[in-house]
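Q: Residues per chain, in single letters:
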Amino acid sequence: MVSRLALAGLAVIFAIGAWLVAAPFVLRYQPAGAPWTGAARLDVAVGAALAAAGLAGFLAALAGQVRELYAQVGNVPEPE
Amino acid sequence: MGSVGRYLSGLCVAILGLCAAGWLALAPMAFGYRGNGQQKAVLTDRATGVGLAVVSLVTLALWVIAWRRTLRADGILPGTSRRQARREARARRRRERDVEAPAGVPDPARVLSDLRALLTPLLAEPTGPDEPTPDERTPDERAPDERAPDEQAACVPAPRNGPEDEAEDEPARPVVPHARSGGLAAMESMLAGAELLMVGVGEEEAW
Chain A
166 MVSRLALAGL AVIFAIGAWL VAAPFVLRYQ PAGAPWTGAA RLDVAVGAAL AAAGLAGFLA
226 ALAGQVRELY AQVGNVPEPE
Chain B
56 MGSVGRYLSG LCVAILGLCA AGWLALAPMA FGYRGNGQQK AVLTDRATGV GLAVVSLVTL
116 ALWVIAWRRT LRADGILPGT SRRQARREAR ARRRRERDVE APAGVPDPAR VLSDLRALLT
176 PLLAEPTGPD EPTPDERTPD ERAPDERAPD EQAACVPAPR NGPEDEAEDE PARPVVPHAR
236 SGGLAAMESM LAGAELLMVG VGEEEAW
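Chains as they are written, first to last, in the numbering used here: chain A, 166 to 245; chain B, 56 to 262.
Among the hints, erroneous ones may be present.
Said to hold, decoys possible - Simulated DEER-style distance windows between Cβ atoms:
hint	chain 1	residue 1	chain 2	residue 2	range
1	A	Leu170	B	Ala140	24 to 32 Å
2	A	Arg206	B	Glu143	51 to 59 Å
3	A	Ala187	B	Val109	18 to 26 Å
4	B	Arg149	A	Ala221	19 to 27 Å
5	A	Arg169	B	Arg145	43 to 51 Å
6	A	Pro196	B	Leu126	19 to 27 Å
7	B	Ala140	A	Tyr235	44 to 52 Å
8	A	Gly198	B	Gln94	17 to 25 Å
Unchecked claim - Computed, partial: chain B to chain A, Cβ under 10 Å:
hint	residue
9	Val59
10	Phe86
11	Val113
12	Trp118
13	Ala240
14	Ser244
What the hints contain is simulated information worked out from the structure, not anything from laboratory work.
Using N, Cα and C, we set each Cβ at its ideal position, and we do this for glycine too.
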């Protein structure tokens, strides 16, 4: 249960990163076609880093969990 | 890398999220956002920073708990946490003290009840409140038929030689029973006194 919640936390971090990338365009403080403002540049950069890290962490944790499941199945004696 | 990598990656991402949240909260002040529509950006950054900080803290705590559980299950960490071990040691000490207490300091109420149970058979008076039982009278006071055979032989009256002996022919006077020293009431009062004394001692110790 705790592991699943922790995985969910990583997914939420990824979602926040994605939101930060999209926020300047969704909230229209970065007009389309205009040169990028400092706030938009910062939000997109931080959001992209956060989303990348969140996705990488999520996938790594998920891979670890799947590996553990495989190991558990390997330890179970096969039925005769 | 194994399961360690899994937990480490989770912890690293959570810490990175915390750093990003701090950066988002401070950036508007650091860069001095001005201009049209920048208020929206400030609000967005602050709100997202606060939310990200909360989510990152929760995620960090969850990964720490999950890792500790795994380490405990693998036997690397002790089976119980330090707080739990302290609580168990305290409970064990209390239990030991409870077991040792009856051997060391006797319980006053129990002593009194034991004393009462021991004294009650001694106070039983089947013949009456003031009359001594046949066993308590001297062989001379007992009727001849109550005496044991050897006592009867020992108490053969001496031959009467003179008239003064005739005076002894008067009918046997009733035996005046000896008043029991104490009796039931006295024992009860002694018990009550002992009880009072024990209560007093207990209060003194409590002071």
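Q: Could you check if Ser244/B really has its C-beta closer than 10 Å to a C-beta on chain A?
A: violated, 69 Å
Q: Closer than 10 Å between Cβ atoms is the bar; does Trp118/B clear it against chain A? Give me holds or violated.
A: Holds - the Cβ of Trp118/B comes within 10 Å of chain A, reaching about 5 Å at its closest.
Q: Is the hinted range of 18 to 26 Å satisfied by the C-beta distance from Ala187/A to Val109/B?
A: holds, 20 Å
Q: Determine whether the Cβ-Cβ distance between Arg169/A and Arg145/B falls within the hinted range of 43 to 51 Å.
A: violated, 35 Å
Q: Okay, Ala140/B versus Tyr235/A on CB: inside 44 to 52 Å?
A: violated, 35 Å
Q: For the hint on Val113/B, does the least C-beta distance to chain A fall short of 10 Å?
A: This interface hint holds because 6 Å falls under the 10 Å limit.
Q: Can the hint on Ala240/B be confirmed by a CB-to-CB distance to chain A that is less than 10 Å?
A: violated, 73 Å
Q: At the C-beta level, are Arg149/B and Ala221/A separated by a distance inside 19 to 27 Å?
A: violated, 51 Å
Q: Checking hints one by one. Is Phe86/B an interface residue toward chain A, by the C-beta closer than 10 Å rule?
A: Phe86/B check passes; min Cβ-Cβ to chain A is 5 Å, inside 10 Å.
Q: If you take the shortest Cβ to Cβ gap from Val59/B to chain A, is it below 10 Å?
A: At about 9 Å, which falls below the 10 Å cut-off, the nearest Cβ of chain A leaves the hint on Val59/B intact, so it holds.
Q: Is the hinted range of 24 to 32 Å satisfied by the C-beta distance from Leu170/A to Ala140/B?
A: Roughly 26 Å apart at Cβ, these two residues keep to the hinted range, so it holds.
Q: Does the Cβ-Cβ separation between Gly198/A and Gln94/B fall within 17 to 25 Å?
A: holds, 22 Å
Comparing the model with each numbered hint stated earlier shows that hints 4, 5, 6, 7, 13 and 14 do not hold.
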